[in-house]
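For chain Y, the structure is supplied; the task is to place chain R on it using the hints.
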Amino acid sequence: MRKVVIGLEVHCELKTVTKNFSASKNEYTSIPNIHVTPVDLGLPGILPVVNMEAVKKALKTAMALNCTNPDEVLFDRKNYYYPDLPKGYQITQVTKPMGKNGYLKIVMPDYEKDILIHQLHLEEDTASLDHYPAYSLIDYNRSGIPLIEIVTEPCISNALEAVKFLETLRDVFIYCEVSEADSKKGQMRCDVNISLTDSDKLGTKVEMKNINSFSSVKAAIEYEIKRQNEVLDKGEKVIQETRRFDEETMKTYSMREKVDAVDYKYFIEPNMPPVKLTKEFLDDIRKEIPRLQYERYHQYTNEYELSEYDSNVLVKDKDIADYFEELISYDIKPKEACSWVTTVILGSLNKLNTDLEGLFITSKMLSEVIKLTLDNKISVGNAKKVLYRAMDEKVDPIEIIEKEHLRQIDDESVLVKLVNEALDEHEDIVLQFKEGKEYVTNYFVGQVMKKTKGQASPVKTLEIIKEEIKKR
Amino acid sequence: MKSEILRLRKLLDENKTTGEELFKQAIAKNDKEINAFVTILDKYMHRGGKTLIDNIPYALKDNISTRGILTTACSNILKDYIPVYDATVYKKLKEAGAVLVGKTSMDELAMGGTGTTGNNGVVRNPWNKKRLIGGSSAGSAASVAMNLVPFSIGSDTGDSIRKPAAYGGIVGFKPTYGRISRYGLFAFASSLDHVGCFTKYVADAAIVTDIIKGYDPHDMTSLKDDDECYFDMLNNSVKGKKLFYFKDICDPKNYEDDDELVEILTKFKETIEKVKSLGIEVEEVEFPKELLLALYPTYMTISCAEATSNNSNLTGIQFGPRGEGTSVEEIMFDARTKGFSELIKRRFILGSYILQKENQEKLFKNAQRVRRLVVSKMEELFEKYDGLIMPSSGSIAPLFEDSSDKLSDKYLILENHLVIGNFGGFPSISIPSGIVNKMPISINITGRAKEDGLVLNLAYKIEEVLDFEKVGE
Chain Y
126 MRKVVIGLEV HCELKTVTKN FSASKNEYTS IPNIHVTPVD LGLPGILPVV NMEAVKKALK
186 TAMALNCTNP DEVLFDRKNY YYPDLPKGYQ ITQVTKPMGK NGYLKIVMPD YEKDILIHQL
246 HLEEDTASLD HYPAYSLIDY NRSGIPLIEI VTEPCISNAL EAVKFLETLR DVFIYCEVSE
306 ADSKKGQMRC DVNISLTDSD KLGTKVEMKN INSFSSVKAA IEYEIKRQNE VLDKGEKVIQ
366 ETRRFDEETM KTYSMREKVD AVDYKYFIEP NMPPVKLTKE FLDDIRKEIP RLQYERYHQY
426 TNEYELSEYD SNVLVKDKDI ADYFEELISY DIKPKEACSW VTTVILGSLN KLNTDLEGLF
486 ITSKMLSEVI KLTLDNKISV GNAKKVLYRA MDEKVDPIEI IEKEHLRQID DESVLVKLVN
546 EALDEHEDIV LQFKEGKEYV TNYFVGQVMK KTKGQASPVK TLEIIKEEIK KR
Chain R
405 MKSEILRLRK LLDENKTTGE ELFKQAIAKN DKEINAFVTI LDKYMHRGGK TLIDNIPYAL
465 KDNISTRGIL TTACSNILKD YIPVYDATVY KKLKEAGAVL VGKTSMDELA MGGTGTTGNN
525 GVVRNPWNKK RLIGGSSAGS AASVAMNLVP FSIGSDTGDS IRKPAAYGGI VGFKPTYGRI
585 SRYGLFAFAS SLDHVGCFTK YVADAAIVTD IIKGYDPHDM TSLKDDDECY FDMLNNSVKG
645 KKLFYFKDIC DPKNYEDDDE LVEILTKFKE TIEKVKSLGI EVEEVEFPKE LLLALYPTYM
705 TISCAEATSN NSNLTGIQFG PRGEGTSVEE IMFDARTKGF SELIKRRFIL GSYILQKENQ
765 EKLFKNAQRV RRLVVSKMEE LFEKYDGLIM PSSGSIAPLF EDSSDKLSDK YLILENHLVI
825 GNFGGFPSIS IPSGIVNKMP ISINITGRAK EDGLVLNLAY KIEEVLDFEK VGE
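In order, the protein sequences belong to chains Y and R. In the numbering used here, each number is its position in the first sequence, counted from 1, plus 125. In the numbering used here, each number is its position in the second sequence, counted from 1, plus 404.
Bear in mind the hints are in silico, worked out from the structure with no lab data behind them. Warning: the hint list may mix true and false statements.
Dumping the calculated SDA-like pairs for lysine to any residue here, alpha-carbon to alpha-carbon at most 20 Å [to be verified]: (1) Lys-203(Y) - Glu-765(R); (2) Lys-769(R) - Thr-220(Y); (3) Lys-510(Y) - Glu-493(Y); (4) Lys-761(R) - Thr-577(Y); (5) Lys-576(Y) - Asp-535(Y); (6) Lys-203(Y) - Gly-729(R); (7) Lys-542(Y) - Glu-493(Y); (8) Lys-643(R) - Ser-594(R); (9) Lys-401(Y) - Thr-625(R); (10) Lys-781(R) - Phe-650(R); (11) Lys-742(R) - Tyr-207(Y); (12) Lys-749(R) - Asp-535(Y); (13) Lys-769(R) - Lys-334(Y); (14) Lys-203(Y) - Val-779(R); (15) Lys-203(Y) - Thr-455(R); (16) Lys-761(R) - Ala-386(Y); (17) Lys-769(R) - Phe-752(R); (18) Lys-742(R) - Ile-525(Y); (19) Lys-769(R) - Tyr-207(Y); (20) Lys-766(R) - Thr-220(Y); (21) Lys-334(Y) - Pro-398(Y); (22) Lys-203(Y) - Glu-733(R); (23) Lys-761(R) - Thr-217(Y); (24) Lys-854(R) - Thr-577(Y); (25) Lys-651(R) - Ser-812(R); (26) Lys-769(R) - Val-779(R); (27) Lys-628(R) - Val-400(Y); (28) Lys-203(Y) - Gln-764(R); (29) Lys-496(R) - Thr-455(R); (30) Lys-761(R) - Thr-220(Y); (31) Lys-203(Y) - Phe-752(R); (32) Lys-221(Y) - Glu-733(R); (33) Lys-225(Y) - Lys-238(Y); (34) Lys-203(Y) - Ser-594(R); (35) Lys-761(R) - Tyr-205(Y); (36) Lys-401(Y) - Asp-623(R); (37) Lys-460(Y) - Glu-420(Y); (38) Lys-628(R) - Pro-398(Y).
Chain Y extracted, bound-state conformation (with noise of 0.2 Å):
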């Protein structure tokens, strides 16, 4: 068995509301074109001027990583001619990349592991190219997008880890709020270098490049690794080479072979002045950084008990983790919590196909309605319809508690009452019950129950029921 070798380069665009270097928007179209200035189109003349919000979306990237901040923004040019780079360079980052020798924790079924991050850096999205057979057209809507790049160690082992990895970085860009990390619209991209080894030494590296869906990142290296050690099988070598992965025939194809790495004349961009970083500014960026989901999951199984199932269900996305974590502050335990979120609101979430803002129901209105029922107030049933028709009418359920008079009564003194007058009413059937029927004591609670329209309280009643039909 051959040591398997991989490393990662992701890609990941930043949402912000400009581009990197210019004030057009950093928006999602399908119309070519309408998202650009001067400076996405590299016009003579035209200068770059830094967005702040993904220098600070990069720095934040980098923080959730672990990984250690420069002391000044600083921006290099990468120099190299092609179509769909209309400066004829890239502004990237070499000298001093946003983040450097960080990690990330993978859970994997048996292990955890962590990933080391080799450099995290912010850089420019290039315009984009559609080919057709006798011309290609340029869309530079994406031309400046601010894109953030993470390189790994090569320290994967396998699909199933490089894979993991990705889920979890993805997640770590959702939850920090720096990306939407929708690989369906191109914003997470990924290359892997990959080799393969039976000694210490690496193996003969080889690169696949702008690999789009996680899936295709596993086929590929599956593939890979079964075509390098046929390979090698054969006595023969592996050549060091740029191949890439056909996502219909899930096989790889080399594209060209990498005698010398390019040189990118790389040097420090003289338009922009270098950004000093001051504590109090990194030290604002870092506050802004949620827990993470491993740190949640572990707290959530380990302290609050919840199941495997459950946790993983509430880490997934970070606005139901945080409203889980709401109630808990408003002193609901946990597991009630849990169920409640589990049940009405992600159910109702994938019914209505909305966020939790569209949902109306915030977690304090949520767990005044869960202490009622705690309470015995209301029944979990008028609770739950309580709050569906909350989300409908977009009011305030315990508004509808209130005007519908569905608190529960168990004011002893009224069911009392109630319970003497439906007693009076039928005298027949009291008869009954002094003749050994004692059943019919579920009758008069469905007499109560008749004049309170349901909101007496089931188990109040029936003890009083029970203590007056023996005085009669």
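Relative to the frame of chain Y, chain R by itself:
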């Protein structure tokens, strides 16, 4: 006060002329043999502004982006390029009410110091058409030197405003790096590029700079507003100010076989005496000669490297003449092969070589280190002195057929010291100071970064005692 702008201002304010009349007069004065213009506007365009330059005609170098007006940088690769946006400097001038007369000839892509390398032919010196006016802002210098416009805008990466100003007997001012936005100036070498102006008199340079300076959100290297009016500072007292010049290099005794240079340096000494008469102290200072000798190679190394990258957008893909070929590489290759002159290609090859991974440390980074050494030596001197005063050039405007020995001290230092102003981003002004062989000579004053007002103030006072015009007659 000597000011061409104020003279015209008065005529306009007294209704003795109109903006349109001045515009037409300017065009009528154009001597086509000089070849100052790439484009002359066919229409008087004016947007009112209550400023001193309202309705005053001016010219703009052809590497400054003007929406809807051809801007070629005198390169074939941009021969039909019509920008879609306005450079900040042009926008400010438009808003101030100034009237654009035309776009001026230049060395191709601002690379060159002779005014002879543009794709529309050589630019001639109005003082003597057998002589060049220098570059790269050749046409901007010539348009003021031939009294066509009272001011013009140029760019200065090594000495591209101050040298042609010296050869043309006019004022050329390049303020502190970042004082004037570079947004819309076609980049040559971003860390050295400056926008500046040509005028007849120092006061005019102050008036124009007051209008075009200022912070620009489009240019991260632009300085915060200094909220000073340089025009108002012109008459400040200069008594007790201190200037210095480089000792050995300005000593006529070192160049006994060069009559012209001896005369220039002798006149420089006379100028120094006149400067002293203002109560300004002038001292000679030893400046490390190895640093002075390194100025030109350092400049070439840094500027070629940055230029290679800055001009990588010129591929004929987004704009410009489309090349021929069957692959994108071939198409870009063809466009660039046809689009640039040999001189430009030479600089790009140099720049590319300098930036190569294996050469960067030895060439590019060492050049940057030398640049820092020069700048810190200057800053050290600026602790004691308010400015450097030097002859702008070691020669009068050369004849077209002249060639100079590019490895002589005269060439390496006296012809290239102005680049110190670009290395440190120091404000630097050249003003005419006398006549040698019927051609103007000039002195240069370079001051501390951000002290543009003081440099103009010194230049204004010195201009008064030099009385160049009287000498010129």
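These are the hints, each one checked on the structure:
Of the supplied pair hints, the one linking Lys-203(Y) and Glu-765(R) holds, its CA atoms being roughly 17 Å apart against a limit of 20 Å. For the hint pairing Lys-769(R) with Thr-220(Y), the CA-to-CA distance comes to about 14 Å; that is within 20 Å, so the pair holds. The suggested pairing of Lys-510(Y) with Glu-493(Y) holds, with an alpha-carbon distance near 15 Å, which does not exceed 20 Å. Among the hinted pairs, Lys-761(R) with Thr-577(Y) is inconsistent with the structure: their alpha-carbon atoms are about 87 Å apart, more than 20 Å.
For the hint linking Lys-576(Y) to Asp-535(Y), the alpha-carbon distance of about 14 Å falls within 20 Å, and the restraint holds. For the suggested pair Lys-203(Y) and Gly-729(R), the alpha carbons sit about 26 Å apart, so the restraint of at most 20 Å is broken. For the hint linking Lys-542(Y) to Glu-493(Y), the alpha-carbon distance of about 30 Å lies beyond 20 Å, and the restraint is violated. About 37 Å separates the Cα atoms of Lys-643(R) and Ser-594(R), which puts this hinted pair outside 20 Å; it is violated.
For the given pair, Lys-401(Y) sits about 15 Å from Thr-625(R) by alpha-carbon distance, which is consistent with the 20 Å threshold. For the hint pairing Lys-781(R) with Phe-650(R), the CA-to-CA distance comes to about 12 Å; that is within 20 Å, so the pair holds. Of the supplied pair hints, the one linking Lys-742(R) and Tyr-207(Y) holds, its CA atoms being roughly 19 Å apart against a limit of 20 Å. Under the criterion of a C-alpha separation no larger than 20 Å, the hint pairing Lys-749(R) with Asp-535(Y) is inconsistent with the structure, at around 94 Å.
A threshold of 20 Å between alpha carbons decides the hint, and for Lys-769(R) with Lys-334(Y) the separation of about 33 Å lies outside it, so the pair is violated. For the hint pairing Lys-203(Y) with Val-779(R), the CA-to-CA distance comes to about 28 Å; that exceeds 20 Å, so the pair is violated. Taking the CA atoms of Lys-203(Y) and Thr-455(R), the gap is near 44 Å; set against the 20 Å cutoff, the hint is violated. Only pairs whose Cα atoms come within 20 Å are accepted, and Lys-761(R) paired with Ala-386(Y) is accepted, the gap being roughly 11 Å.
The suggested pairing of Lys-769(R) with Phe-752(R) holds, with an alpha-carbon distance near 18 Å, which does not exceed 20 Å. A threshold of 20 Å between alpha carbons decides the hint, and for Lys-742(R) with Ile-525(Y) the separation of about 79 Å lies outside it, so the pair is violated. A C-alpha spacing of about 27 Å is found between Lys-769(R) and Tyr-207(Y), which places the hinted pair above 20 Å, so the restraint is violated. The suggested pairing of Lys-766(R) with Thr-220(Y) holds, with an alpha-carbon distance near 18 Å, which does not exceed 20 Å.
Between the alpha carbons of Lys-334(Y) and Pro-398(Y) the distance comes to roughly 33 Å, so the proposed pair goes past 20 Å and is violated. In summary, the hint linking Lys-203(Y) to Glu-733(R) is supported, as the alpha carbons are separated by about 18 Å, within the 20 Å threshold. Of the pairs offered as hints, the one joining Lys-761(R) and Thr-217(Y) holds, with about 17 Å between alpha carbons and a cut-off of 20 Å not exceeded. The straight-line distance between the Cα atoms of Lys-854(R) and Thr-577(Y) is roughly 85 Å, outside the 20 Å bound, and the hint therefore fails.
Restraint check for Lys-651(R) and Ser-812(R): the C-alpha separation of about 17 Å stays at or below 20 Å, so the hint holds. Proximity of Lys-769(R) to Val-779(R) is assessed by CA-CA distance (about 15 Å); at most 20 Å being required, the pair is judged to hold. Note on Lys-628(R) and Val-400(Y): the hinted pairing holds, with a Cα-Cα distance of about 15 Å set against a maximum of 20 Å. Of the supplied pair hints, the one linking Lys-203(Y) and Gln-764(R) holds, its CA atoms being roughly 14 Å apart against a limit of 20 Å.
At roughly 11 Å between alpha-carbon atoms, Lys-496(R) and Thr-455(R) fall within 20 Å of each other, so this suggested pair holds. At roughly 14 Å between alpha-carbon atoms, Lys-761(R) and Thr-220(Y) fall within 20 Å of each other, so this suggested pair holds. Distance hint between Lys-203(Y) and Phe-752(R) is fulfilled; the C-alpha atoms sit about 16 Å from each other, no more than 20 Å. In summary, the hint linking Lys-221(Y) to Glu-733(R) is not supported, as the alpha carbons are separated by about 32 Å, beyond the 20 Å threshold.
At roughly 19 Å between alpha-carbon atoms, Lys-225(Y) and Lys-238(Y) fall within 20 Å of each other, so this suggested pair holds. At most 20 Å may separate the alpha-carbon atoms for a hinted pair to count; Lys-203(Y) and Ser-594(R) meet this at roughly 16 Å. This hinted pair checks out: Lys-761(R) and Tyr-205(Y) have alpha carbons roughly 14 Å apart, not beyond 20 Å. As the CA atoms of Lys-401(Y) and Asp-623(R) are separated by approximately 18 Å, the hinted pair is consistent with the 20 Å bound.
Only pairs whose Cα atoms come within 20 Å are accepted, and Lys-460(Y) paired with Glu-420(Y) is accepted, the gap being roughly 18 Å. Between the alpha carbons of Lys-628(R) and Pro-398(Y) the distance comes to roughly 13 Å, so the proposed pair stays at or under 20 Å and holds.
Going through the hint list in order, the structure does not satisfy hints 4, 6, 7, 8, 12, 13, 14, 15, 18, 19, 21, 24 and 32.
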